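Full structure from sequences and hints, please.
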Amino acid sequence: MNIDSQTDEFHHVQTAHCENGVTTALLRYHGLDFMTEPLAFGMGSGLFYIQIPFLTVNNGPAISFRTMPGAIFKRTCKSLGVEVTRKKFSNPAAAEAFLDKKVKEGVPVGCQVGVFHLTYFPKEYRFHFNAHNLIVFGEENGRYLVSDPVMEDVTSLSKEELSRVRFAQGPLAPKGHIYFPEKIKPITEDMIRKGIVTGIRRNVRDMLSIPGNFAGVNGIRHTSNHVRKWRDKLGLRKASLYLGQIVRMQEEIGTGGGGFRFLYGAFLEEAAAYLQDDRVANVSEDFTKAGDMWRASAIKMAGVYKGRLTEQKDFEEIADMMLEIRLVEKEAFQKLSSLKLGK
Amino acid sequence: MKKEDLPQDPGALDKFTREVCYVKNEDGKYETALSKGWDVKKQALDSAWEEVNERVEDARKAVASGEKSPVYYFMELRLMDLPVLSGYTGIFPFFIKRHFKPSVFKGLSERKLEKYARAFDITVDELKNFKG
Numbered sequence: 001m002n003i004d005s006q007t008d009e010f011h012h013v014q015t016a017h018c019e020n021g022v023t024t025a026l027l028r029y030h031g032l033d034f035m036t037e038p039l040a041f042g043m044g045s046g047l048f049y050i051q052i053p054f055l056t057v058n059n060g061p062a063i064s065f066r067t068m069p070g071a072i073f074k075r076t077c078k079s080l081g082v083e084v085t086r087k088k089f090s091n092p093a094a095a096e097a098f099l100d101k102k103v104k105e106g107v108p109v110g111c112q113v114g115v116f117h118l119t120y121f122p123k124e125y126r127f128h129f130n131a132h133n134l135i136v137f138g139e140e141n142g143r144y145l146v147s148d149p150v151m152e153d154v155t156s157l158s159k160e161e162l163s164r165v166r167f168a169q170g171p172l173a174p175k176g177h178i179y180f181p182e183k184i185k186p187i188t189e190d191m192i193r194k195g196i197v198t199g200i201r202r203n204v205r206d207m208l209s210i211p212g213n214f215a216g217v218n219g220i221r222h223t224s225n226h227v228r229k230w231r232d233k234l235g236l237r238k239a240s241l242y243l244g245q246i247v248r249m250q251e252e253i254g255t256g257g258g259g260f261r262f263l264y265g266a267f268l269e270e271a272a273a274y275l276q277d278d279r280v281a282n283v284s285e286d287f288t289k290a291g292d293m294w295r296a297s298a299i300k301m302a303g304v305y306k307g308r309l310t311e312q313k314d315f316e317e318i319a320d321m322m323l324e325i326r327l328v329e330k331e332a333f334q335k336l337s338s339l340k341l342g343k
Numbered sequence: 001m002k003k004e005d006l007p008q009d010p011g012a013l014d015k016f017t018r019e020v021c022y023v024k025n026e027d028g029k030y031e032t033a034l035s036k037g038w039d040v041k042k043q044a045l046d047s048a049w050e051e052v053n054e055r056v057e058d059a060r061k062a063v064a065s066g067e068k069s070p071v072y073y074f075m076e077l078r079l080m081d082l083p084v085l086s087g088y089t090g091i092f093p094f095f096i097k098r099h100f101k102p103s104v105f106k107g108l109s110e111r112k113l114e115k116y117a118r119a120f121d122i123t124v125d126e127l128k129n130f131k132g
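For the record, the sequence lines run as chains A and B. When the letters of the first sequence are read in order and numbered with full-length UniProt numbering, they come out as residues 1 to 343. When the letters of the second sequence are read in order and numbered with full-length UniProt numbering, they come out as residues 1 to 132.
Derived from the structure by calculation, the hints contain no laboratory data. Treat the numbers as computed from the prediction; the structure is a model and nothing was measured. Idealized CB from N, CA, C, for every residue including glycine. A couple of the hints might just be wrong.
To be verified - Calculated from the model, a selection of chain B residues having no Cβ within reach of chain A, i.e. all distances over 10 Å:
#1 Ala62
#2 Leu113
#3 Lys115
#4 Phe130
Said to hold, decoys possible - Chain B stretches covered by chain A per the calculated footprint, using a threshold of three residues with CB under 8 Å from any CB of chain A:
#5 65 to 75
#6 99 to 111
Claimed, not checked - Pairwise CB distance ranges (calculated):
#7 Pro10/B with Ala97/A: 38 to 48 Å
#8 Lys104/A with Ser103/B: 51 to 61 Å
#9 Lys104/A with Glu67/B: 27 to 37 Å
#10 Gly90/B with Gly307/A: 35 to 45 Å
Shown next, in the form of structure tokens:
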């Protein structure tokens, strides 16, 4: 580890999304003071849309507005040349021993956890969701000091409590997953700019050219086609629960609002300053618009699950709104693509 | 979203934390702001919980009428499905489905019952003696 770039004290960072937050806080701890949540999100190509076929989550459609868990940390570190250590364990005792060793060395580490048994979360949020991330940065009176990026303040967990959430079961089971930056070289403005460009280009690729119809901007159309059929196929009650699920994936804690679209807009704004390129700032406006449109569609969907809107034409309207959003996002990414950044 | 449009509707996060949102300030630049919540998503969460509670109540009735075993009820109560319960117990879904039958459940070994009880955070007695 590069001692020069280290600061002694760990600072809690509150962010919209947990993985961005862990990435930001850990990199800042290692001296990368320029790191912000939007930058981590954009360099990690965090924006996405997918409706995973044949899979249901909490008895609803499996929809995500962001890239797969773990990718943001991995890509952001890689593009800055930061070497990362990550470990998974089959044995909880070994996982705890390794964590204790790191805590003793005074190294803050990221841990993947499940939220169902996460004691400090409000009960209403404790579903079986296994891709939450937090930082352990010390130990006091036999309890781990925990920095959870979605919270305003730091908190703590007992050894049993942490071990339990690190070995939550089900889809995306964390298996004690622990990760932290190992080796950090000095970082130049030029590396940051390169990282930004790579992040944008990869995001363009993910949203525009993944084959199949359920991922990227085409995924939005895929869901839109489903929404049209839900009322007849599932009945009004179940269809409205499905819409509720979309809204939760889009707006719940961790998204920054508008299904991460505002966060991406903020990233492009920062990127424009780094690249000194106003064209990028202009595209930022398109994502603000997309985020606003997602929120407008959420209000419409709320009308359905509140029982105020019940007709097929309401479902058609929601589906049409999604198609419009798809167009806005598609054009925005095509604009980014045509800027030919980095060439 | 403009900063002044950021909703502040108290919800389940109240008294826990406020959440970071990205909003536009007066100069049209992005900044972060803290929100207490938004009614639109609060209702989405509420309706998800109504659905959960209904499933749990249905499961309770099914145990009371002798159609299902307590394993089924506690699985619903803990918001689990077959893959999740299988992960916590190490028992394959095919067998868990069989254990939903009261007749099969009656003959379960103490070891299997313990596995279920641990996954559900209850005692073996509570599991065995649940009548719906």
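| Quick one: are lysine 104/A and glutamate 67/B within 27 to 37 Å, going by C-beta? | violated (54 Å)
| Per the coverage rule (Cβ-Cβ under 8 Å, at least three residues), is the segment 99 to 111 of chain B covered by chain A? | Since 0 is below three, the answer is violated.
| message | I want to verify a distance hint. Is the separation of the beta carbons of lysine 104/A and serine 103/B within 51 to 61 Å? | response | holds (54 Å)
| task | Examine the segment 65 to 75 of chain B: at least three residues should have C-beta closer than 8 Å to a C-beta of chain A. | result | Since 0 is below three, the answer is violated.
| field | Check on lysine 115/B being off the interface with chain A, judged by Cβ distance over 10 Å | value | Given that every Cβ of chain A is farther than 10 Å from that of lysine 115/B, nearest at about 12 Å, it holds.
| request: Beyond 10 Å from every chain A Cβ: check whether that's true for phenylalanine 130/B. | output: holds (21 Å)
| task | Note whether the CB distance of proline 10/B and alanine 97/A lies within 38 to 48 Å or breaks it. | result | holds (42 Å)
| query | Taking 10 Å as the cut and beta carbons as the points, is leucine 113/B off the interface with chain A? | reply | holds (18 Å)
| said: If I take the minimum Cβ distance from alanine 62/B to any residue of chain A, is it greater than 10 Å? | reply: With a cut-off of 10 Å, alanine 62/B remains clear of chain A, as the shortest Cβ separation is near 17 Å.
| Cβ-Cβ distance between glycine 90/B and glycine 307/A: within 35 to 45 Å? | holds (42 Å)
When the structure is compared with the earlier hints, violations turn up for hints 5, 6 and 9 and for no others.
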